[in-house]
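> Going down the list, the sequences are from chains A and B. Position one of the first sequence corresponds to residue 1 (my numbering), numbered consecutively onward. Position one of the second sequence corresponds to residue 392 (my numbering), numbered consecutively onward.
These are computed hints drawn from the structure, not numbers from a lab. One thing to keep in mind: the hints can contain errors.
Unchecked claim - Below, simulated EDC-like cross-link-like pairs (lysine to aspartate or glutamate); rule was C-alpha separation at most 16 Å, straight line:
(1) B:582 <-> A:121
(2) A:266 <-> B:477
(3) B:407 <-> B:644
(4) A:167 <-> B:553
(5) A:137 <-> B:542
(6) A:4 <-> A:270
(7) B:495 <-> A:114
(8) B:582 <-> A:124
(9) A:294 <-> A:364
(10) A:294 <-> A:257
(11) B:583 <-> A:22
(12) A:115 <-> A:133
(13) A:167 <-> B:477
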Amino acid sequence: MQSKAIAISGMGVVSAAGVGVEASLASMEAGERNVGPVSIFDSPIDLPVFEVKSLPPRSEAGKMRTLDLLELAVDEALAGAKLDSFEGLRVGVAMGTTVACQLNDLGFYSTFREKNEAPMDSVDGFLEGNLAEAIAKRLGVDGPKLVVANACSSGTDSIGAALSWLKAGLCDIAIAGGSDEMNRIPLCGFNALGVASDQPCKPFSGDRTGLNLGEGAGVLILETAESMEKRGVASSLNVCGYGSYADAYHLTAPHPEGEGLERAIKTALEQAGISSDEIAFVNAHGTSTPDNDKVEGRTLLRLFGEQIKVLSTKGYTGHTLGGAGGIEAVFSAAALSRGWIPGSAGFQTLDEEIGLVPTVGKTEISGSYALSTSLAFGGNNAALIIGRDKA
Amino acid sequence: MKILGTGLVCARGRGKDAVSSRDWKSPTFLEVSFQDAPFPAYVIDAATLKDPVLKGMRRADRFSKISTLAACDAVANSGVDIEGSDRVGIIFSTAFGPHNTTFKFQDDIIDYGDAGVSPTIFSNSVHNAAVSYISRLLKIKGPTWTVTGFDQPFEQAVALAEAWLAEGRCDKVLLGGGDECGTVMEYICSKKLPIASDGKITDKAFVPGEGAAFFMVEKGGFDLLGSADESWVPTFGNMLTGPALCCAAAMLENK
Numbered sequence: 001m002q003s004k005a006i007a008i009s010g011m012g013v014v015s016a017a018g019v020g021v022e023a024s025l026a027s028m029e030a031g032e033r034n035v036g037p038v039s040i041f042d043s044p045i046d047l048p049v050f051e052v053k054s055l056p057p058r059s060e061a062g063k064m065r066t067l068d069l070l071e072l073a074v075d076e077a078l079a080g081a082k083l084d085s086f087e088g089l090r091v092g093v094a095m096g097t098t099v100a101c102q103l104n105d106l107g108f109y110s111t112f113r114e115k116n117e118a119p120m121d122s123v124d125g126f127l128e129g130n131l132a133e134a135i136a137k138r139l140g141v142d143g144p145k146l147v148v149a150n151a152c153s154s155g156t157d158s159i160g161a162a163l164s165w166l167k168a169g170l171c172d173i174a175i176a177g178g179s180d181e182m183n184r185i186p187l188c189g190f191n192a193l194g195v196a197s198d199q200p201c202k203p204f205s206g207d208r209t210g211l212n213l214g215e216g217a218g219v220l221i222l223e224t225a226e227s228m229e230k231r232g233v234a235s236s237l238n239v240c241g242y243g244s245y246a247d248a249y250h251l252t253a254p255h256p257e258g259e260g261l262e263r264a265i266k267t268a269l270e271q272a273g274i275s276s277d278e279i280a281f282v283n284a285h286g287t288s289t290p291d292n293d294k295v296e297g298r299t300l301l302r303l304f305g306e307q308i309k310v311l312s313t314k315g316y317t318g319h320t321l322g323g324a325g326g327i328e329a330v331f332s333a334a335a336l337s338r339g340w341i342p343g344s345a346g347f348q349t350l351d352e353e354i355g356l357v358p359t360v361g362k363t364e365i366s367g368s369y370a371l372s373t374s375l376a377f378g379g380n381n382a383a384l385i386i387g388r389d390k391a
Numbered sequence: 392m393k394i395l396g397t398g399l400v401c402a403r404g405r406g407k408d409a410v411s412s413r414d415w416k417s418p419t420f421l422e423v424s425f426q427d428a429p430f431p432a433y434v435i436d437a438a439t440l441k442d443p444v445l446k447g448m449r450r451a452d453r454f455s456k457i458s459t460l461a462a463c464d465a466v467a468n469s470g471v472d473i474e475g476s477d478r479v480g481i482i483f484s485t486a487f488g489p490h491n492t493t494f495k496f497q498d499d500i501i502d503y504g505d506a507g508v509s510p511t512i513f514s515n516s517v518h519n520a521a522v523s524y525i526s527r528l529l530k531i532k533g534p535t536w537t538v539t540g541f542d543q544p545f546e547q548a549v550a551l552a553e554a555w556l557a558e559g560r561c562d563k564v565l566l567g568g569g570d571e572c573g574t575v576m577e578y579i580c581s582k583k584l585p586i587a588s589d590g591k592i593t594d595k596a597f598v599p600g601e602g603a604a605f606f607m608v609e610k611g612g613f614d615l616l617g618s619a620d621e622s623w624v625p626t627f628g629n630m631l632t633g634p635a636l637c638c639a640a641a642m643l644e645n646k
């Protein structure tokens, strides 16, 4: 099912690594890890997290922080794409999230539980905060709009949804990515599951003990060649392959042999019309949990061999859940265009069971394709291939 | 799109039996904490959810069970053997997801503290838990997605399914929609919408309802959304995935 690539005409990102693509790359190049205790809400759970410190905890009464983060990324992406007017354009919005699709305001619920009534501010914020609908309304666009709630692969899958729309002719431009805020519900949940670490995360390292939660948003502006030509803009980056497959195995654990992930990667390669040795680097899901990194690392080695350059940018951002796929797609595209990837922060010792050594320190890359992978709670796996036109 | 099979679980029951009569069926009038008067809602009774197919889902919540039953019924109704197929995908649309489980998890936080919560409840509180159960039970290995929205989420899912089939991402898609009722959501409805206190839905009076509908679809020339009978009285109650239930009712009648 090889198919035509879709151009990336703009991108935006915000995470603990920085606000904006350039600031994030500079921070990662310097090896900064902005990790610390939770500061934006009170919790007795003392675990390191990656927060966006430059954003106030709440902007407007009831408005979700997830949407604040997303708007920062969307604005940067639209500026990069030179999109200040949508007149005559059919624009879709696809966004991934986990936090923003749940009504999880503890203040509202505890008040309702106690008094059988509660102020509706946070409910209004929730109902007006569906990410795709809120962005579409803000921009005044009326193409297809969808929030993908596939847990940790949501951001990557939302880009996949946008590709499907563009190929089906449902829109000319799609704003796609993901966003999630630091929130008490997932902090409690991941702590209860025993997969959150009390140290800064160490993706693929033999001494890793779990993930750190993070927050942020990453957005791509995807556009057909016809639309780019009509607008008189150009881009050397594109999305040329995407695969999504389920493990059909377990509610929270990945398939031990990475079955669904392998299918997703192979389908993405097939769609891009390239072989595995043409991939310059893999920006892995790499959460730093024992299970994820073992399954993912082994699958990557099996498919790409020992020479493949692998990193996990979660060492700089933490696990941003529904935002991760969008953020990592932006980092992959930015790295591909600049010819280098940062070191995989946190890696210390080889895990003999995996046998994978990720990049240590800033590493130059050659080649025209990058792979970004996502493995989700619930068993969905996604793979995205980003291409760069040969100079 | 061509519809090969339909599954429906709603307050009226399950499958074709649920839509065999067009007689008006009264909603249940629930005793609720937030108002003195009984609150009308079309809720699914426990007997409807008793089925051996759910035997392996002891830990699943009610939302996942409702959705899984509808999905299994759609596959059975289609007569298609899909087990183990990576050419079949799932798209499940929901406006609110398993909100009762989300609130149950918040009960844990309030009652037992941040570090005393149940990991099982957390796992079931995520929007895509239902699809994970469906995928595992039916051994569906294609893309298995949950999508959400408040502006026509089922219709957005239909458009995506059509796109998947057109580009060859899947040969078949198990396409559905579902939502559940619950005390908090009923409270929100009471604050946001004109509730039909007599239980009779009109264009100005609303009764919330719950249920799920699934369709096994493949590429072909059939206008799913244009097929619903406009004269149909919406006696399922309504949430934002209501159109999925109405379509399912129409399909079951036609079949």
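> Determine for every hint whether it applies to the structure shown.
Verification of the hints:
1. A C-alpha spacing of about 12 Å is found between residue 582 of chain B and residue 121 of chain A, which places the hinted pair at or below 16 Å, so the restraint holds.
2. Between the alpha carbons of residue 266 of chain A and residue 477 of chain B the distance comes to roughly 13 Å, so the proposed pair stays at or under 16 Å and holds.
3. With a C-alpha separation of about 7 Å, the suggested pair residue 407 of chain B and residue 644 of chain B falls inside the 16 Å cut-off, and the hint holds.
4. Our distance criterion of 16 Å between C-alpha atoms is met by residue 167 of chain A and residue 553 of chain B, whose separation comes to about 11 Å.
5. Between the alpha carbons of residue 137 of chain A and residue 542 of chain B the distance comes to roughly 11 Å, so the proposed pair stays at or under 16 Å and holds.
6. Pair hint residue 4 of chain A plus residue 270 of chain A holds up; C-alpha atoms about 12 Å apart against a cutoff of 16 Å.
7. Note on residue 495 of chain B and residue 114 of chain A: the hinted pairing holds, with a Cα-Cα distance of about 14 Å set against a maximum of 16 Å.
8. Between residue 582 of chain B and residue 124 of chain A the CA atoms are separated by roughly 11 Å; this keeps the pair inside 16 Å, and the hint holds.
9. With a C-alpha separation of about 26 Å, the suggested pair residue 294 of chain A and residue 364 of chain A falls outside the 16 Å cut-off, and the hint is violated.
10. Proximity of residue 294 of chain A to residue 257 of chain A is assessed by CA-CA distance (about 9 Å); at most 16 Å being required, the pair is judged to hold.
11. Proposed proximity of residue 583 of chain B and residue 22 of chain A is contradicted: the alpha carbons are some 44 Å apart, above 16 Å.
12. Under the criterion of a C-alpha separation no larger than 16 Å, the hint pairing residue 115 of chain A with residue 133 of chain A is inconsistent with the structure, at around 32 Å.
13. The suggested pairing of residue 167 of chain A with residue 477 of chain B is violated, with an alpha-carbon distance near 21 Å, which exceeds 16 Å.
In summary, the numbered hints that this structure violates are 9, 11, 12, 13.
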